[in-house]
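Peer 1: Sequence:
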Amino acid sequence: MAPFSSLRSASIVASTSLIGESAIMQEIRYLIKQVAPTAASVLITGPSGSGKEMVASSIHVSSTRKEGNFIPVNCGAIPRDLLESELFGHEKGAFTGAVGQMRGRFEEADGGTLFLDEIGDMPFDMQVKLLRVLEDSIITRVGGRNPIRVDTRIISATHRDIHTAIQNNGFREDLFYRLAVFPIHLPSLAERAEDVPLLADYFCDRLPEKHQFHFTLDALDYLIQYTWPGNIRELRNLIERTSILYAGQTVDVEQTQKLLNLAIVSQPIERETLWDLSSPPSSLAQTSDDSEVSLSPTESKLKSTSSQFNNEIIFSDFPSPGEPTKLKDLVSELECRYIEAALKAANNTVSDAARLLGLHRTTLIEKMNKYKISRS
Numbered sequence: 061m062a063p064f065s066s067l068r069s070a071s072i073v074a075s076t077s078l079i080g081e082s083a084i085m086q087e088i089r090y091l092i093k094q095v096a097p098t099a100a101s102v103l104i105t106g107p108s109g110s111g112k113e114m115v116a117s118s119i120h121v122s123s124t125r126k127e128g129n130f131i132p133v134n135c136g137a138i139p140r141d142l143l144e145s146e147l148f149g150h151e152k153g154a155f156t157g158a159v160g161q162m163r164g165r166f167e168e169a170d171g172g173t174l175f176l177d178e179i180g181d182m183p184f185d186m187q188v189k190l191l192r193v194l195e196d197s198i199i200t201r202v203g204g205r206n207p208i209r210v211d212t213r214i215i216s217a218t219h220r221d222i223h224t225a226i227q228n229n230g231f232r233e234d235l236f237y238r239l240a241v242f243p244i245h246l247p248s249l250a251e252r253a254e255d256v257p258l259l260a261d262y263f264c265d266r267l268p269e270k271h272q273f274h275f276t277l278d279a280l281d282y283l284i285q286y287t288w289p290g291n292i293r294e295l296r297n298l299i300e301r302t303s304i305l306y307a308g309q310t311v312d313v314e315q316t317q318k319l320l321n322l323a324i325v326s327q328p329i330e331r332e333t334l335w336d337l338s339s340p341p342s343s344l345a346q347t348s349d350d351s352e353v354s355l356s357p358t359e360s361k362l363k364s365t366s367s368q369f370n371n372e373i374i375f376s377d378f379p380s381p382g383e384p385t386k387l388k389d390l391v392s393e394l395e396c397r398y399i400e401a402a403l404k405a406a407n408n409t410v411s412d413a414a415r416l417l418g419l420h421r422t423t424l425i426e427k428m429n430k431y432k433i434s435r436s
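Read in my numbering, the sequence shown has 156 at position 96, and its numbers run on one by one without any break.
Think of the hints as simulated: they come from the structure by calculation, not from any bench.
As the structure is a computational prediction, the values presented were derived from the model and not from experiment.
All the given hints hold, so there is nothing to weed out.
DSS-like mimics (lysine-lysine), calculated; alpha carbons at most 27 Å apart, straight line:
#, residue 1, residue 2
1, 318, 270
2, 152, 189
3, 318, 430
4, 430, 404
5, 318, 432
6, 318, 427
7, 126, 93
8, 404, 427
9, 432, 404
What follows is a list of derived Cβ distance ranges for each label pair:
#, residue 1, residue 2, range
10, 124, 203, 29 to 35 Å
11, 223, 274, 43 to 49 Å
12, 266, 159, 37 to 43 Å
Don't be surprised by glycine CBs; every beta carbon is placed ideally from N, CA and C.
Could you build the full structure based on these sequences and the hints that come with them?
Peer 2: Take a look at the structure:
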């Protein structure tokens with residue numbers, strides 16, 4: 061399958077179009093088309109790994125500045141005492157180690173676009189200096205006195221809740237309004253799951269021919285149902301991991317599950333889920349006063365059987381003190397039993413069972429596939 065976009069940029073590989081045919085992505089492409097020809101500052105928000113830099117580069121190559129440089133700067137990755145020099149440059153002898161004059165990122169992006177990634181991590185004192193530059197379009201190198209006029213478009217991005225940061229005095233409100241002239245919010249991959257096959261094909265097509273592979277239809281369906289806590293970055297990593305282990309092969313559901321599980325061990329959300337499984341889900345817990353809680357027929361059915369389930373099914377099989385056991389196996393068995401009980405009480409309606417267990421529907425489907433639990 062041919063790539064969905066051509067690649068070009070003066071400084072980085074940038075996509076002229078975003079991959080995906082979901083309604084959300086069509087709207088984002090429309091917003092990019094509208095804002096790209098203007099000089100407006102753009103603030104891109106969205107979870108980590110959702111493709112914010114790709115949106116920024118798409119705006120750049122769709123603008124009248126496409127012949128200029130696209131310069132990305134990660135504000136959270138540069139030590140605070142070096143960030144000013146990185147952005148504005150410095151003169152020789154300005155500080156220890158400044159052995160020569162250096163142009164800053166603003167100067168390098170003159171006539172082009174400066175992408176300030178993770179702007180929410182910028183130190184507060186630097187925010188004041190950045191605001192002044194945005195208002196005047198003039199910089200002064202560290203250790204210098206001569207003002208330098210720059211024509212640089214600013215696109216910024218963050219995965220943080222800027223409004224909360226403003227309330228907590230962690231981010232300047234006036235800078236926010238200067239950066240967010242045109243805001244664009246990028247959804248998580250789970251919110252546009254129908255785009256997963258297109259993205260998977262795109263990443264596969266970019267692999268060397270000898271490392272390419274194919275997913276079965278069932279495997280693709282599994283990927284669509286997966287929650288993708290790491291978003292597009294996680295999908296890209298999965299494709300690379302698969303190309304290493306299954307180059308030239310057709311990858312089925314079981315193999316796909318194993319490949320995803322290679323990364324799951326280190327994900328905090330999975331550790332939290334494992335911890336929650338050590339006690340019955342809150343929806344199965346007994347209430348002290350039944351008259352205070354209004355239950356649906358489905359919830360009432362599950363509640364009426366939960367006591368017997370908890371006491372007879374689980375605890376009757378719990379290992380006696382001194383008996384050898386594997387915690388991992390015990391937790392898996394416990395999780396499997398709760399899923400089966402919830403499905404039974406919900407008349408095999410997955411969405412109702414997921415609600416009773418406090419899980420997202422896609423997460424429950426993933427676990428059902430993992431334990432080979434059918435709906436009947």
